[in-house]
Amino acid sequence: MTKKVGTFLLYFLLLIGAFTMLIPFLWMLSTSLKTAPETLQVPPIWVPKILRFENYSAAFKTAPFMRYFINSVVVTLTTTLGQLFISILAAFAFARLRFWGQRFLFVLFLGTMMVPGEMLIISNFVTVSALHMVNSYAALIVPWLVSFFAIFTLKQTFQSVPDELYYAAKVDGASDWRFLWQILVPLSRSSIVAICILQVIGSWNSFMWPLIVTNDERFRTLPVGLQAFTSDAGTDYQLLMAASTFVIIPMVFLYLGLQKYIIAGISKSGLKG
Amino acid sequence: MDVTFKNVTFAYDNKAILHHIDFNIPEGKLISILGPSGCGKSTTLNLISGLIQPDAGQILFGDKPVTNLDALQRKVGMVFQSYALYPHMTVLENIIFPMKMAKVPKTERVAKAKELAQLVHIENEVDKHPAELSGGQQQRVAIARALAKEPAILLLDEPLSNLDARLRVQMREEIRRIQKKTGVTTVFVTHDQDEAMHISDQIMVLNDGRIQQFSTPNQLYDQPQNLFVARFIGSPVINTLPFAPFKDAFAELVAPEILAQATHIGIRSESIVSAPHQEAVLVKLPGRITRHDQYGRELLTEIQYKDQQLASTNFKQTADGDFQAFYLLKKGVFLFNAAGHKLMGGEADA
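Protein chains in written order, with the UniProt record's numbering: chain F, 1 to 273; chain S, 1 to 350.
Simulated from the structure, these hints should not be mistaken for laboratory data. Mixed in with the good hints there might be a few duds.
What the hints assert, rightly or not - Partner residues aside, some chain S positions facing chain F, computed with beta carbon under 10 Å:
#: 1; residue: A71
#: 2; residue: M78
#: 3; residue: A84
#: 4; residue: P87
#: 5; residue: K100
#: 6; residue: A102
#: 7; residue: A142
#: 8; residue: K149
#: 9; residue: P151
#: 10; residue: L155
#: 11; residue: D157
Stated by the list, open to error - Some chain F residues flagged as far from chain S (calculated, every beta-carbon gap over 10 Å):
#: 12; residue: T2
#: 13; residue: L9
#: 14; residue: L14
#: 15; residue: F25
#: 16; residue: F60
#: 17; residue: L97
#: 18; residue: W100
#: 19; residue: G101
#: 20; residue: F104
#: 21; residue: M113
#: 22; residue: V200
#: 23; residue: T214
#: 24; residue: N215
Glycine included, every Cβ here is placed at the ideal spot set by N, Cα and C.
The following block holds chain S by itself, in its conformation from the complex (with noise of 0.2 Å):
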């Protein structure tokens, strides 16, 4: 089913958490809620999942009107970060909880659960307590219970976080799969752009209690629409720098009204290149190299220009290594005013 919140606002201490937001979760995707702590992520999680009611504005299920209802009457499915398994019931019986709530018959409960248990891999540990799995396990359980009661809506809230590396990129695609699966909206939860990179099919990226942008993975990256977005998202952090000491070079390459509003440059590392192959070249600028490190295929150079530093991990050291300038690409350059709206950059010709 899919979600819309209407001009929703919420404050708790009188602080606003969230300010207006509108959005629209569209049906059967997987959408990821991303922003960095007390952004308001986990807030927008919990008035979907009708545990905090918002102080004003609509919430939709579909084109039910969701608002006033709790949620018990929501019928949502949530995993939450401490898995919350109910450590006295073995496996199966937390499966199977949400349906003995709902009054589901006992035997087709059991069939469902065990049917569960299999589509999350833990069919082996139905009969242990959630103290004597691993973190990775009690996650699978905590999935299945909650799509147990085959809710509307599947709520995550930051799942991986408890899990070491390895562990949590194994999982990610695991909950990927399970969500392709069963088809269910599910709305994940992350502080971790990557998490949140490879699982999405769109991610909303949340701060200080506002949308900054909701779009596909690719063109967050690609097209930033703000300078905190452009920022978060991508590793290594994208250059940004005072666009002053830039501005003479963009002169030409820009209209007026931009080159006067403009404050802030980002370029990403990978569009600072030593010389173009069949990328298109947005200007040469002129610069030396103050260090260059490489660490396994990872390279990092570091490029003086004027009084500024930059970062660039796409520059080929060539047999002199003396270089006098480099190039930024079209794409991955983008410039910022000073309320960090995106001027420029990003374009789809680009």
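Looking at chain F on its own, in the form it has when it is part of the complex (with noise of 0.2 Å):
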């Protein structure tokens, strides 16, 4: 009996959590239906007397959205592989081989992970435009090739991986690059698509930093290109929130796919830089 009390407290609360994170998504969905004069009334309505589906449209003429979302998708998907295949060497590197200043570097490396990155956000640009970088693809993808909190997290991982494998390997007659591609690598599978996930959810969802190096459209990603329902003279909400909901429904997509990986990623390796 108390067992029964147990689980639907449980599922109680679960549920308001799961309501609560809803309600924003919810809002979204039913102001991108509304007209302009609907989304400000007071007090608010939740399902709008006429769905008005020609928002979508109007939205995405309003701005270049298939050029963005072209864009959104290029920077995704190579800051994502890019990232993934120098931390899996450098992690190698730090979690296999030894070398001269590997402690050094290790430590130099994890400061780094203490130091905000919007921090980071003034000497990048800096250093970016002295490179001649603004406005380039180059400029959104090279600055974000190298994450410390995956190379970190994959050397755990890496160095979780029993030693007798490493030495059996090789006896078998595998080098060093062929112990990492075909052992090392599928063993770590779940850090492997953890590391992915959160990078393509921050790549996808960043906004200040295309902001900042970008300001031609044809480099422009997709949450910059939201700006363009706000101008002096207000705020298209609807319009906003219909383009929103286009944006967010790939991540929608690949959490539903994923999320056990997502779930195993956060907890094992307990912190994000």
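Two chains, two frames, some hints: make the complex.
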């Protein structure tokens, strides 16, 4: 009996939590189907009298969203894959190889995790502009290719693989390179997927950096593109919310598909830079 | 292929692990490296495998120096204590892996892997992952994988220590069977003398990074070259006592220089008897029984001689049970000097 009550209580609390998390999404969907006056109506209305799906096509016409979408996809894919590749190699070096200055380098890299990302924006911008990289894909991609969080997480995962597997692979005739890709990487799959997902989400939602290093709309990404609905005269909330909906949808599907890895990754690494 | 070590030295963290080791492992034999933990036996194995390189000395496979070749180039097969199977691959993929690395054509390597699976009796488990197998089965997979690239030498690093007692006996017979069938030169590292005695053609006893003795199991037992080997081999452990209380009794039996040098006496427990039958007797000594127990078919008798305690496993209790004397047989009694070297005992005519 007490067990039943406990289960009921647990589900009740989880439902409240889930509902709280869902409200902004529901509000976004609801607003995206309203007229402009309805968006600001007090008391707020949840279901507009007429569902105005034409907001979506109107939003799509306001700015070159197809271009933004392609940019977002390109930037997200290249930063994620590039970062993953670099992290795997770097993590292997830190976990398995012995080289001069290893400890010092590791501590130095670890130190960078203590610097808040916002602080780096200015210095990164100065660097990027000094290299004449402003308004380019390179500016959007290169600074994010190295993530010490990813390197650190993978290093820990790689180190949890027993030494004997490494020696066994050596005796079996595998080089370091093949050991890494055929044994370590498959064994670290859940960490790798977790890193990818966190990076995909981070990169897809990234706003500040693309805003700073691009002013040409050819290089703008979706989150920056959402500004198109804000002008001196005010904000077209219904269009903004319509556009936001299709910015978010790919992430929702990604999350639904891979949620078991996301939770595993977050609870495993326990920290996020 | 036979393996030769010439004056091989290895140190780790400035601590010498192996001191000027010399030996030759003959082709096609099963050799055990036996010793207590920390004696350098795994280091010796790793030196053969090429996972580590010696600080000095030479290692030869046949006539070919391999001292500076790594594990990849030496073509050795190795079975690790933890088996070290690749957990994300099936049994068949595990066995195939070394052949894949060696670029053996695909159809050939699958056929060969199935053949090996049959040899080690895991042909019904080839599609499972290692985690689904029992310890003994994992062991078999590890052996099959080590044999897959037709190694010049098969190395086994304490392969049985993770198995329960019954399975251990079964698997050591298996290893012996597979070794005989394939004829591959095999080096087996263990700290269990019983295991080594049952499985090996020859045993290398290591202690403190030095070879104590390298001979057949029977020679180790019957003719230990020093006190360490005498103590290490045999169960129950050999009686080792100071020689002084025995000196008078031995005065007539051994040469004066041996008598002068001997500091310890080692007496195998089965060499202490109440009444000799056919065996050659070394000496009769006065003493009394302080304890006599029988567990199943095992006898254990404690005898007091002067102020020394001796244990016998061969002391037949007779009706009166009141012994005033016991006999030491010629076989199984050894004298050692202060450095632990054997002075007497285990001679061929004993």
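Structure-based check of all given hints:
1. A71: OK, holds: A71/S within 10 Å of chain F, min 5 Å.
2. M78: 4 Å, holds
3. A84: Because about 4 Å separates A84/S from the closest Cβ in chain F, which is inside the 10 Å limit, the hint holds.
4. P87: Holds, because the Cβ-Cβ distance from P87/S to chain F comes to roughly 7 Å (cut-off 10 Å).
5. K100: 9 Å, holds
6. A102: 6 Å, holds
7. A142: 8 Å, holds
8. K149: 7 Å, holds
9. P151: Holds. Min distance 9 Å.
10. L155: 8 Å, holds
11. D157: Status holds, d = 9 Å.
12. T2: 37 Å, holds
13. L9: At about 37 Å from chain S, L9/F clears the 10 Å cut-off, so the statement holds.
14. L14: Given that every Cβ of chain S is farther than 10 Å from that of L14/F, nearest at about 32 Å, it holds.
15. F25: 37 Å, holds
16. F60: 44 Å, holds
17. L97: 15 Å, holds
18. W100: At roughly 18 Å from the nearest Cβ of chain S, W100/F sits farther out than 10 Å, so the non-interface label holds.
19. G101: 21 Å, holds
20. F104: Holds, because the least Cβ-Cβ distance between F104/F and chain S comes to about 21 Å, which exceeds 10 Å.
21. M113: The claim stands: M113/F keeps its Cβ more than 10 Å from every Cβ of chain S (closest is about 30 Å).
22. V200: 24 Å, holds
23. T214: 42 Å, holds
24. N215: Holds, because the least Cβ-Cβ distance between N215/F and chain S comes to about 47 Å, which exceeds 10 Å.
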